[in-house]
Amino acid sequence: MMRILPAAIALLCIVGVAVDASLAADLPVGQIDRFIEQKWQQADVQPAEPISDSRFVRRLYLDLVGRIPTPQERETFLADQRPDKREHLVDLLLGSEDHVVHFADLFDTLLMGRGSDRDYCNRREHQWRSWLEQAFRENRPWDEVVQEILLARPASPDERGTVWFLYERENDHQKIAEAVAPAFFGIRIECAQCHDHMLAGEIEQRHYWGLVAFFNRSENAKTENGPRVKESAIGGFSEFAKLSGESTPNLLTFFGADVVDEPRPDADQKQEDLPELYVEAALKGEPQVPKFSRREQFVSHVANGHPLIARAFVNRMWAILLGRGIVHPFDEMDSTHEPSHPELLDWLAQDFRDSGHDIRRLIRMIVLSRHYALDSRRPEGIDDPALFAWSLERPLTAEQLARSMQVALHGSFRNDHPLFRQLRETLPDVLPETVGTGVDAALFLSNNPAVNTFIAESDEPSHLIPRIQQLDTPAEQVTALIVTLFGRPPADDEIERIAGFVATAEPGSQARSQRWQHVVWALLTSAEFRFNH
Amino acid sequence: MSSHQTPAAGSQTCGSSEHTLHRRLFLQGSMAAGCASVASYAGLFSIPALAEQTRREGRKCILLWLCGAPSQFETWDPKPGTATGGPFSAIDTTLPGIHVSQLMPRCATIMDKLAVIRSMKTEPSEHFQAIDLMTRGEKPRPPFTRPLLGSVVAEQLGQLDSPVPQFVLLDPCPEGNEFKAFKAGNWAGWLGAEYGPVRAGGEYSIPDILRPETISETDHSDREALRRFFSRKYENEQRSEAAASYNAAFERVKGLMSCAPLFDLEQLPEADRQRYGPGAFAQHALQARHLIENGSTFVMVANGMPWDNHVFQHEMHQMLVPELDNVLYQLVTDLEERGLLDDTLVIAMGEFGRTPWLNEARGRDHYPKAWSMAMAGGGIRGGVVHGATDELGKDVSDDPVDNRSLFATIFTALGISPDESYDLPDLPTFFRVEGDATPLADLLV
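Here the protein sequences line up with chains A and B, keeping their order.
Counting in the working numbering, the first sequence runs from 18 upward without gaps.
Counting in the working numbering, the second sequence runs from 68 upward without gaps.
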């Protein structure tokens, strides 16, 4: 889909502000600030300086709509005279379709993991992707979203995407359990497969096998309505062996929840799969439903109201927007990983639950808090990132980069551009644990045709490289380029450096255009473009 | 994956035209001669200028990383005829009275060159923790991450300004359960990202190592200089570690591109490739030898996590052990023939051993309590078998060796002090090997 930006801006203004502006004023943003500031005082640190509007606008666009702003969008914000213009911008962006797409990108990766082209294709075809987008578009309560994914039983054709979280894992019930735990509960349980977690003792082996048991009667089925995950009323009883060799039955239980009662047949007793164990599905063509459904039990007895679901979500949102969770790593919220701000985490989780799991409210509060808008330059003498005393740089995700490169050179973007696929293969991380860069990524950006071809083919009259060549002086040309790509004016030595480089080719020549392409490559691959800072 | 030419097909395989010329002449010369010896082949496929520049007196190391953890019973510590010993018999070796599994006939003939520890005793029994332990030498002590063995060796013995990567990880398999999770972690720890490995594998070459045909060599280098100007400026102004790591990665691009031929397995002699055998593990072991010969300091060869045989252990090991047997044999004898064994340490180990008993799926599960590993060359004395296990292999009966004494031994053999200390701000002192562990004297030359 081609986006013409000026029109899009007008559209966003109407949708966003009118609906949500009043909400921002009532947010207890100050509460977050107090928790964070308290810790600064305790640690006796002076936080980094607040950033200017010109840096804020880039950071916020990347975080909320997954791309850099166009020069026009940036100018519009800078020219806005309202004292609460940041609140207005937050609401404008949260109400936009770009926000929906960006958050669907993030959560697709966090819930499903990166996949092959085929995986992405399937996720679209079977409407997982559109269902996820709809959830963010409607700002649906997160606990409902979680429960629908875990139940995987669409109540209407619009909801058929809900099955895909389980379906893509192809009847591998351990894989399902190992995905459910971090995705929704913020804990990793792989270690507990063979014994109680070695370090975090509260995560026991019975929790691992209990979680498996909730899903091990599920089976992928192709129905006339499409792929579904049907469930059997019998079977799924097994024993797991401890390291010592002793066997234990896999009861229906999970971390932080009681055992769900279920009659357990004796080892030699054969269960019969009788029709009276099922009820017909409400919708025609859907698989029949067992009267005692383990998935349903998991949703109603474990997931419903489980304290970790809200905690895990607020912690993850914090990590997305601030580069690090209050518990770090964000998906290991166990006893070996203490929160840096325990009271803040409690408060956020409580507020999230009280608000009806309102995702946009949470995002608004975080991005309007004081420490979100701090400089990313680490103050001398502070080295603990968990203080949130400076803004942590985050590498752009593959999608953010693919979209931002297009915005930079074309002024608009397509969500089906080949850059998405190409960058996803090499820069796969959303919320990477470390921000180190491998030489493979540097080789890719240097030599792979993906980026080089994209730059070379960005040669239509409306594109940046042809446009700047129409400008009169080298200073104007370089200024237009740096403002568009970095969102700031160039320094004198930068003008000199670039102008000197392009001047070695005749104006108007093919060689001159190529020089500009090389300049653009150098800027797009420099750290200032690569990171959200 | 992107498609890319093999370096052999490109007209400019190396950064300098002088080199290209040199290589062509060499090719013509050798073809005229008709039958080049193994020794001249080695010269043929190296990059003369680079090799001379980077070859140093210091020791080097190849780690055959047997990820997933092999069984000691089917390799170095057979217990034939016992309840736990499994179906395979034991065979004589060149060391009187020392037996290995019948699955290792080739290594049996070079036991006088190998040092085997049969009394490894470590703690973690889960892959992730154990892989971490046995590749770094120590359990985690947050918040700082201890560098991998390869990173330490590359930093201590390598030549960082060399274009040839000093620490290479050859691992064709992007998957591998806990190994995958481990690979996503922080490799070089407190040494910094520049000491992390260059990762290759898969198609045996490094993706995107060749310059695009549409960009001239001068332009390629000019635009990188411009990139560096902007990116370094940002790094300095922001005091950004993330940008420092990012820029460090780009600094390595040019050097790596100049040694593209080193990563092209197709250029190695067919006879060598046959000898090592098919399969990624074997071919990468050969490539490891080639990299060491041409200036790399540490090469880690892995292959996903094939050794974790919880199911059908004997059938799986019947395939895996003979491959390991041949690869280790070829590698050690090759290095010796080339006069490189004395200065190249070869280590073959996984993260723990396997249980003496079988589970219901006829698999052996994780067992850190008593297991085996092997080394050769590079400061390690051959013909030594250290420690022993009891009759059924349930526990160590003599001279238990933990991760610390093993790492103290490895470092000492390589000429690196195990006692070095690191003082990091506001933290207790870290030592290269913690706990005053002493190296195993009987294993050292």
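Certain hints may be false.
Claimed, not checked - Listed next, the in silico DSS-like pairs over lysine-lysine satisfying Cα-Cα at most 25 Å (straight line):
| hint | chain 1 | residue 1 | chain 2 | residue 2 |
| --- | --- | --- | --- | --- |
| 1 | A | K259 | A | K308 |
| 2 | A | K259 | B | K436 |
| 3 | A | K301 | A | K247 |
| 4 | B | K206 | A | K259 |
| 5 | B | K436 | B | K461 |
| 6 | B | K300 | B | K247 |
| 7 | A | K192 | B | K436 |
| 8 | A | K301 | A | K259 |
| 9 | B | K461 | A | K259 |
| 10 | A | K102 | A | K56 |
| 11 | B | K436 | B | K206 |
| 12 | A | K287 | A | K308 |
| 13 | A | K192 | B | K247 |
| 14 | B | K206 | B | K461 |
| 15 | A | K102 | A | K192 |
These are computed hints drawn from the structure, not numbers from a lab.
Owing to the predicted nature of the structure, the values given are computational and were not obtained by experimental measurement.
Is K461(B) close enough to K259(A), meaning Cα to Cα at most 25 Å? Roughly 17 Å between the alpha carbons, so the hint for K461(B) and K259(A) holds.
Holds or violated: K192(A) to K247(B), with C-alpha atoms at most 25 Å apart: holds (15 Å)
Is K206(B) within 25 Å of K259(A), Cα to Cα? holds (23 Å)
What's the verdict on K192(A) and K436(B), does the C-alpha distance respect the 25 Å limit or exceed it? violated (29 Å)
For a C-alpha distance cap of 25 Å, please report whether K301(A) and K259(A) respect it. violated (45 Å)
Run the distance test for K300(B) versus K247(B): straight-line Cα separation, threshold 25 Å. Status violated; Cα separation ~35 Å.
Quick one, are K436(B) and K206(B) close enough, alpha carbons at most 25 Å? Given that 25 Å is the threshold and the Cα spacing comes to 16 Å, the pair holds.
Does the structure keep K301(A) and K247(A) at a Cα separation of 25 Å or less? Status holds; Cα separation ~14 Å.
Starting from K287(A), check that the Cα of K308(A) is at most 25 Å away, please. Satisfied, since the Cα-Cα distance of roughly 19 Å is no more than 25 Å.
Just to be careful, I want the Cα atoms of K102(A) and K192(A) compared with a cutoff of 25 Å; is the pair within it? Violated, at about 46 Å.
Given the hinted pair K259(A) and K308(A), is their alpha-carbon gap at most 25 Å? violated (32 Å)
Are the Cα atoms of K206(B) and K461(B) separated by 25 Å or less? holds (24 Å)
The earlier numbered hints that this structure contradicts are 1, 6, 7, 8, 10 and 15.
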